[in-house]
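Protein chains in written order, with the UniProt record's numbering: chain H, 1 to 345; chain E, 1 to 345; chain X, 1 to 345; chain W, 1 to 345.
Hints are computed from structural coordinates only; laboratory data are not their basis.
Take the hints with a grain of salt, since some may be wrong.
Unchecked claim - The calculated EDC-like cross-link candidates involving lysine to aspartate or glutamate, where the alpha carbons are at most 20 angstroms apart (straight line), are:
(1) E:Lys171 - X:Asp170
(2) X:Lys300 - E:Asp170
(3) X:Lys300 - E:Glu209
Claimed, not checked - Here are the in silico distance ranges between beta carbons for each label pair:
(4) W:Asp254 - E:Ser54: 29 to 37 angstroms
(5) X:Asn36 - H:Tyr205: 35 to 43 angstroms
(6) E:Ser54 - W:Asn270: 17 to 25 angstroms
(7) E:Ile23 - X:Lys339: 52 to 60 angstroms
(8) W:Glu271 - E:Val56: 56 to 64 angstroms
(9) E:Val56 - W:Met1: 38 to 46 angstroms
(10) E:Asp254 - W:Tyr65: 47 to 55 angstroms
(11) H:Asn222 - W:Ile255: 29 to 37 angstroms
Just so it is clear, CB atoms sit at the ideal spot from N, CA and C, and this is done for glycine as well.
There are 4 protein chains.
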Amino acid sequence: MIKVGIIGATGYAGQSLFYLLHIHSKACIEFITSHNYADMDYSDVYKNYKGFISDVCIKEDDVKYKINSVDVIFTALPHGKSFDIVKFALEKNVKVIDIGSDFRIKDVLTYEKWYKVKHEAQKYLNEAIYGLPEINREKIKSSRIVANPGCYPTSCLLALMPALKEDLIDKTSIIIDSKSGVSGAGRAANIGTLFCECSESIKAYGVCEHRHIPEIEQELSNISGEEINIIFTPHLVPMIRGILSVCYLRLKKDIDEEMIYKIYKSYYSNEPFVRVVPYLPETRYVKGSNICDISLRVDKRTGSLIIISAIDNLIKGAAGQAVQNMNLMFGIDEASGLKFPSMIP
Amino acid sequence: MIKVGIIGATGYAGQSLFYLLHIHSKACIEFITSHNYADMDYSDVYKNYKGFISDVCIKEDDVKYKINSVDVIFTALPHGKSFDIVKFALEKNVKVIDIGSDFRIKDVLTYEKWYKVKHEAQKYLNEAIYGLPEINREKIKSSRIVANPGCYPTSCLLALMPALKEDLIDKTSIIIDSKSGVSGAGRAANIGTLFCECSESIKAYGVCEHRHIPEIEQELSNISGEEINIIFTPHLVPMIRGILSVCYLRLKKDIDEEMIYKIYKSYYSNEPFVRVVPYLPETRYVKGSNICDISLRVDKRTGSLIIISAIDNLIKGAAGQAVQNMNLMFGIDEASGLKFPSMIP
Amino acid sequence: MIKVGIIGATGYAGQSLFYLLHIHSKACIEFITSHNYADMDYSDVYKNYKGFISDVCIKEDDVKYKINSVDVIFTALPHGKSFDIVKFALEKNVKVIDIGSDFRIKDVLTYEKWYKVKHEAQKYLNEAIYGLPEINREKIKSSRIVANPGCYPTSCLLALMPALKEDLIDKTSIIIDSKSGVSGAGRAANIGTLFCECSESIKAYGVCEHRHIPEIEQELSNISGEEINIIFTPHLVPMIRGILSVCYLRLKKDIDEEMIYKIYKSYYSNEPFVRVVPYLPETRYVKGSNICDISLRVDKRTGSLIIISAIDNLIKGAAGQAVQNMNLMFGIDEASGLKFPSMIP
Amino acid sequence: MIKVGIIGATGYAGQSLFYLLHIHSKACIEFITSHNYADMDYSDVYKNYKGFISDVCIKEDDVKYKINSVDVIFTALPHGKSFDIVKFALEKNVKVIDIGSDFRIKDVLTYEKWYKVKHEAQKYLNEAIYGLPEINREKIKSSRIVANPGCYPTSCLLALMPALKEDLIDKTSIIIDSKSGVSGAGRAANIGTLFCECSESIKAYGVCEHRHIPEIEQELSNISGEEINIIFTPHLVPMIRGILSVCYLRLKKDIDEEMIYKIYKSYYSNEPFVRVVPYLPETRYVKGSNICDISLRVDKRTGSLIIISAIDNLIKGAAGQAVQNMNLMFGIDEASGLKFPSMIP
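Take the sequences, apply the hints, and build the full model.
See the structure below:
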């Protein structure tokens, strides 16, 4: 059994992690921490677990007494809050999977510019592997620290990677229009995410300013070997879970839809969690699962390629991918604990 | 033109009041106050008004400089917060319509027991007319201060009043099961009313403990001349607006559905905002309007009467009824500014 | 492995069954039928299964060629449609779990009065065990045919059973106010269940006329040994899944809340899927799981007991309970394939 | 008073028209038709009108007896269904505002290719003015027949028109990503628009195939004087009303955001229903109103202009714009009957 600790278990991402690790047959949760709910029964915070568990949230300060009991910690904290605990864990030879955003951006200045905090664990930045298994599987297997990708970046990178690698598209014309459910905004008590402010409405937000932009650009640049700038527009949709990303691209070559489908199917043929599908994705078909659905359309009139991807922002976009990374890091079946489809309706 | 001030214009009830007074052809808004948004353009808080208005929120402290400009103030404040402003206005010969709950309960001890604050304007308690026009129309016309009914009480009292007055039902067996949209919980930033905590779920809350219980009981007792205790269960429903109340009653007499319909239709035949309807009400048919729909069913097997009513909690349950009261207090057409049906879908 | 066939796999209940049997480690699906989607890949109807399965829907007429391959069939058909297939299966020594409503009502006249069709498999009516394990566990274990309870009845009977058995309540005063998500209305293309007709609204329907009334009354009468008539009001709530039932009861004895809690906890202490909880249930805490949450409140002022229960209408209210019954009928762990909490948010 | 008839009053667009004309002080409804609800009281179909109106739906065949009673008819019919009634009305000197799509596309072959029906009123095609007042105000004033724009085209054309006219953007790079509420799909009983199929999900549909593409392209080409091809992706969002369109454009010139704002504000300075706003639009701020909100962002890194617009698909996107056109055609205040903001929350 892989013994795990969850740092920040009461946010939505942390809770999703708890869920997946709870049902995982090869992992067991040794401790969980919570800033706002320390000393409370976890099943009093999330009453769905009543009768299933008896975990109590501990303070982050008390992790030091527990760190020796675990093989890996998951950190699910606001940006800028994970430096100390990550350093501490690594020094104690405990592996780290950071679901937060502190180890994703490799360039310190870029990180500090977009996140407005000083990076205080720079020495681990390069060691931290960007945890998208479809790109970095082998590196993840041997890493001590994984930077779990953001939700939007996961949906965008899986959509774009084969097209970029095959040099199908004009790299200066990448436009991504993404739509997210409200859980992406977290569980903080803000007026903007109240039911009465979100329901029956849609809005774009953070146009050209969202913190996932440098993350997406970094990875796209790594894939293509050139510096890439994108246009990225996130939206808030009146649903709890799900991200749908639509990528608009200019084709470099005269290549038809069927051929691009072949390329995508080939790239993802061995991937346990990517489905290249002929129909247009809907987030409900991946909700609650670790699946990413990808579909392609070529518009001949404009010479454009449109790629659409759908994920569950809390699963493939956060906790599910983190578990997938854990499975890789500990040498067990990569899909362990994640082999279930979306439950609908 | 009736000149009005709104104290507490940025909560949902206050905003609904602003909306209705804005489109009212015989009222004009002279000032509005806000605790959290003082000095801000109202159309920066509620951007739907952009281009329509130029009102700026003032501090409640500055009402003293403006009080002479108005004929009436509406107070839409949390309980326990309206005493000073109400006393001040009345002393300045400005009428008051209190949308809050501070002047509804006539018995001070009952008020203080349920609301946990000391009542500091007791001398106006008796003068304050309970503002349900269908009961107190004539008193409202000549009053200086009106206590606007709560949202649940409005839906319940309109449903029960004729049955009680006609002595059709066992007064010891009144059970009310009410369902409300989330806007009833207000615009405060609480985790409990976040989209992700309310959507795709229903719950009962405050069973036998809700503050609207003494208000409903007081008015039912006044109607019947006997002290009445009720069972009342409110629910939170994943919709923004609307209250549906289902009243379960034991019939005293062997009386059929048709006859009770006759009684109800007769009671409400001249009411501009009560519809006694043969079909089962749905909140969408009253959403955004000042209408209360009422339907009746007799279950012969159990000798029971079931009365179902639907209102918009923010209109007939708050701001619309307040405008109706204003119209009465100033001797203009009672339905002025309120003569529109629900906009659907 | 238990080999199963699903008759009517493309309705919401049938699909939920498919989901649960797909992830069940001790059952395998041998065939599925569909009236509207015969010959189609199941994963083209429900695209969440893409990549997980390769099942093709067959015609019900073709079950005859497959019946020998299975140990049990689940029938999830509209009322009046299951008689032939049930008779055929039983004659072939294949067990039957009927998720529909054709074998629940033991009195033929009552069935025919409420359902408006002739019952054409009367000889199996008495043999069919009403499949609420919390009442009939032992009988289910040895039965060939189980009539799986309706969704509303499941939520009501679990709430009321201990109070009735202990003779705590006045049997002439049972009132049940239930609220259901829209999936309870099925997947037929009706205007009434369109998004634009259901969202942002709540309504009661079928007041005192719903077909689950005779089912609830039959079982309550069996429990208490007296004929019981209830008042039952179902509601349509703008959410996909979940039922919340609130039962209003008159206490016979002067008994306090704590004592009733003790009784309930004792009754359900060994039940794998019933949680007696101190807080008020919310459907989100049971959504997607086979759990039923039950809470109690005594209102001393009126001598009343209020019992609130929450289930997922498609799981404990349909497919989950059916799997629980299958587990019992085949002598395996009753909770097999059902041991997971609700996934939230 | 302008006397009007509504052909097809029971779809969502027709109903919205009924609502707006009902509250319009200078129009009165003389007759309404319905295919599915002929001879029914309109308030039995849409119960929100109970007590407000007594209109009865007539058959379309009976319009011939009523045509002389009206000055104008609104046709709100499926495509291909309005030819006969439009010809008949015009011959009787009754004006026509077609909310459907039969008179928008000027090129018959294009119409027939995209709509798959033969156009049977070609002689009126050229006469029919495309009813976007912000473009064709003067022509509308003197027209007998107006082709009311589609919902998506309205949101897109208002967003793009000034940029095109000022030649700010590369005309080969227009990408529009639009999101619509479910009411855009109409009131037909389809599985795809059931609550349980739409709620908690988002999807793109009709990518590069939607029938509004030739309409948008025709008008953009007219504005720019060049043939324009666009990429257009519509989405279905789990809300009832609203369209948010995000346009991605390549800037031709080095021009900053402030300057483009100036241009847009200047273009729309006299428009009663277009607001050029600094913040990002949300559909709730225009819901139920005839307003179109437009916002601009320049992304200097990529030399791109992003324009975002929000409308209510049933008001500015259909019925409200139709009323605006009627006002123009009859020489009354253009904003008559439409001067109200969105009601929120």
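The hints, checked one at a time:
| no. | hint | verdict |
| --- | --- | --- |
| 1 | E:Lys171 - X:Asp170 | 18 angstroms, holds |
| 2 | X:Lys300 - E:Asp170 | 18 angstroms, holds |
| 3 | X:Lys300 - E:Glu209 | 12 angstroms, holds |
| 4 | W:Asp254 - E:Ser54: 29 to 37 angstroms | 36 angstroms, holds |
| 5 | X:Asn36 - H:Tyr205: 35 to 43 angstroms | 41 angstroms, holds |
| 6 | E:Ser54 - W:Asn270: 17 to 25 angstroms | 18 angstroms, holds |
| 7 | E:Ile23 - X:Lys339: 52 to 60 angstroms | 57 angstroms, holds |
| 8 | W:Glu271 - E:Val56: 56 to 64 angstroms | 25 angstroms, violated |
| 9 | E:Val56 - W:Met1: 38 to 46 angstroms | 39 angstroms, holds |
| 10 | E:Asp254 - W:Tyr65: 47 to 55 angstroms | 51 angstroms, holds |
| 11 | H:Asn222 - W:Ile255: 29 to 37 angstroms | 33 angstroms, holds |
Taken one by one, the earlier hints fail for this structure only at number 8.
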